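Produce the entire structure from the sequences given, and follow the hints as far as they go.
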Amino acid sequence: MVQNKDDRFYNEPILRRARKGLPIKELVIDAHGHLGAWMQFYIPQYDAASIVKVMDRCGVKAIAISGMLSIGPDYKAGNRAVAQAADAFPGRFIGYVTPNPNYPAKEVEHELDFWLTSHNWMRGIKLHPSYHEYPITGPRYQIAFEKAREYHVPILSHTWGQGDENSLCGPALFADIAEAYPDVTIILGHAGGLLPGYRTAIEVALDHPNLYLETCGSFQAMGLLEYLVENLGSERILFGSDCCFLAQTAEIGRVVFAKLTTEEKKNILGLNAAKLFNYPA
Amino acid sequence: MTLSFFDCNTSIGCLAVPQPGSFFTASDLIREMNYFGIDRTLVYHTLAREYSPSEGNARLMEELVGYERFVPCWVIMPHNTGEFPPPDELIRLMARQGVKAVRIFPSPACHNWKLGDWIAGSMFTALAEHCIPLFVSFDQISWEQVFALGKSYPNMPLIVTEVRYEEARNFYPMLEKIQNLHIDLSWTILHFGLEDAVGRFGPSRFLFGSRMPIFSAGPAISYLTYADIDDESKELIAGKNLHHLLDWNVDTMIADKPK
Chain A
228 MVQNKDDRFY NEPILRRARK GLPIKELVID AHGHLGAWMQ FYIPQYDAAS IVKVMDRCGV
288 KAIAISGMLS IGPDYKAGNR AVAQAADAFP GRFIGYVTPN PNYPAKEVEH ELDFWLTSHN
348 WMRGIKLHPS YHEYPITGPR YQIAFEKARE YHVPILSHTW GQGDENSLCG PALFADIAEA
408 YPDVTIILGH AGGLLPGYRT AIEVALDHPN LYLETCGSFQ AMGLLEYLVE NLGSERILFG
468 SDCCFLAQTA EIGRVVFAKL TTEEKKNILG LNAAKLFNYP A
Chain B
7 MTLSFFDCNT SIGCLAVPQP GSFFTASDLI REMNYFGIDR TLVYHTLARE YSPSEGNARL
67 MEELVGYERF VPCWVIMPHN TGEFPPPDEL IRLMARQGVK AVRIFPSPAC HNWKLGDWIA
127 GSMFTALAEH CIPLFVSFDQ ISWEQVFALG KSYPNMPLIV TEVRYEEARN FYPMLEKIQN
187 LHIDLSWTIL HFGLEDAVGR FGPSRFLFGS RMPIFSAGPA ISYLTYADID DESKELIAGK
247 NLHHLLDWNV DTMIADKPK
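As they're listed, the protein sequences go chains A and B. According to the working numbering, the first sequence is numbered sequentially starting from 228. According to the working numbering, the second sequence is numbered sequentially starting from 7.
Hints were generated in silico from the structure; no laboratory data involved. Just so it is clear, the structure is predicted and the values come from calculations on it, not from any experiment. We treat Cβ as the ideally placed atom computed from N, Cα and C, and that holds for glycine. Everything hinted at is true.
Okay, derived cross-link-like pairs now, SDA-like style, lysine to any residue, Cα gap no bigger than 20 Å in a straight line: (1) A:K333 <-> A:S345; (2) A:K280 <-> B:D234; (3) A:K247 <-> B:K246; (4) A:K280 <-> A:L249; (5) B:K246 <-> A:R246; (6) A:K247 <-> B:D234; (7) A:K247 <-> B:E241; (8) A:K247 <-> B:Y41; (9) B:K183 <-> B:Y159; (10) B:K183 <-> A:Y269; (11) A:K280 <-> B:D202; (12) A:K280 <-> B:D237; (13) A:K247 <-> B:T8; (14) B:K157 <-> B:N176; (15) A:K247 <-> B:E238; (16) A:K247 <-> B:S239; (17) A:K247 <-> B:S10; (18) A:K247 <-> B:D236; (19) A:K252 <-> B:D234; (20) A:K247 <-> B:N40; (21) A:K247 <-> B:R46.
Selected chain A positions facing chain B (Cβ under 10 Å, derived; list incomplete): (22) D234; (23) F236; (24) L249; (25) G450; (26) E453.
Next comes the structure, spelled out in C-alpha cells:
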C-alpha cells in the first residue's frame, strides 16, 4: 500500500499513549498556566490541587503559572498565591511573577526583586498588556525586561494579533523589544492568537532568536503545530494550556496529535521549557 | 480503552478563510478521520454555509457518493421564498437521500432569516414531528433563542455546536430546563468542565465534535480520553449519543407520507 504523508505519524509512540488516555511518559512542562478564579466565566475547580490532578492524568510534570488575581485586580496577592502553590507542590509549579504596570514603578520593581530573589520556584515574569490595558512597548514595562535580564528568567507575554489587542500586544510589537533585549528570552503567549497573529509571530521570531512561541488557545486551528514547526523548527515552540482557564486535557491534544516526529514533540512538550526554566530534564 | 468516535461536527468544501492545515474534499476528511481514529461523521458542505444552502447540499450529496462513513447533514432554510421546498417535501427528500440531520445558519452574517414562527414555524414543526436533530452553531443564535426553540419544539433534538468554554453560566440552566438540548464539545474545553457538566447532567446531553477542518480533532479527542469520567460516559459522548439522535425512522416516514 502506498503510504500517504500522515501514515508515518500514526504510530508515533507519544500519540499511541494519548489515544488510550494514558499519561505521557516523556518530560512535559506546561509553559502557560494560571491559578485562581476569573470573573467572566465559571471554572468548576481552580485551586492548585485540581491543577495537579489534571497534570497527573495527562502526564505533565510541571506547569508555569501566573495568578489570575495578578492579571486582574490584585497583582501582589496573585503572586503570593502562586508562590504558595509552588510551596505546597514542590517541583510541580514554576511561578511567573506578574507586575502590573499601572502601579508605582518602585512598588513594581520591589515586587519583582522580592519574588525573583527569595523564592526558588519563581522563575519567570508574566505580562498581560490586554487586561492591564497597557502597551507592551510602553516605558512602564521596561523594568520587567531589565529584571528578566538581571535574574536570567524568561518573560511570557500574552500576545494577540487581531482586533484592538493588536495595538497592545500584537506580535509585531515584539521586534523592537527583542532587539533591545537580545539576551532576554521572550515567550509570545498564544503564538499571536489566530491566523494573522501566527503569521506575524513566525516572521518576528525568525528575525529574533530570543523569541519563542507558545501554543495555547481555545481556537484549535487545524495544522497549527505543523505550521509553526515547518516555519520555525521545534526548538523555539513551547506547549502551553492556559489551564485553569482552558482544559489542559484538550490543549495537550494539539501537540500529541500533531503530525510531528517524536523528537519534535519532545522538544515542544518539555525539553525547550526545561532549558528556559532551568528545570531538570 | 479505545473509543468509537462518531463526530457530530465536520464539513467538506472550500473555505473563505482556511487554517494552515485545512482540507477540502471527502477523501481528505477520510484520511484525517483515519489518522485521528474517528469511525464516522455527520458532515455538511461549506458551500451550503458560505454560498447557497441548496447548491451546497447538492454538492454534498455528489461528493459523498461511494463513502460509507459519512452521514449527510443538510443546511436548510424556511421555504417562503421558494429557495427551499415546503417542510413536508423537504423531509421526504431528506429521507430518500439518507439525510439524518439538519443545520441552520440564520444569523445576519450568514443566511439572514429570523427564527420566529411566522417565518420558520412550519419548518420546525415538521422537524419536531419526526424528531429530526437540528444543529446550530453558537455564533448563529442567542441563548434566548435557544431557549425559545427548545421550549416550543420539545420533540426536536437541538444541538448547539461550537459553544465556547466561557458559557457554562448560560448553558447549565438551559440544560436543566430544555431536555431536548445537547451540547457539542468542540469548543467547550474548560478546566474540569466536562467532569463538572457530566456530573450534573449525565453524559447523554453531550456530543463529541471536532469542527474539522477548521479545528484539529486532537483537542476534542484528548478532552474526552483524559477526562475523569467513567468509561460508559465516554462511550456515550464519543458516539453512542449521536447514533441515538440520528435514529429517526426514515422508512416508516416515507411510507406514511404521500409522494
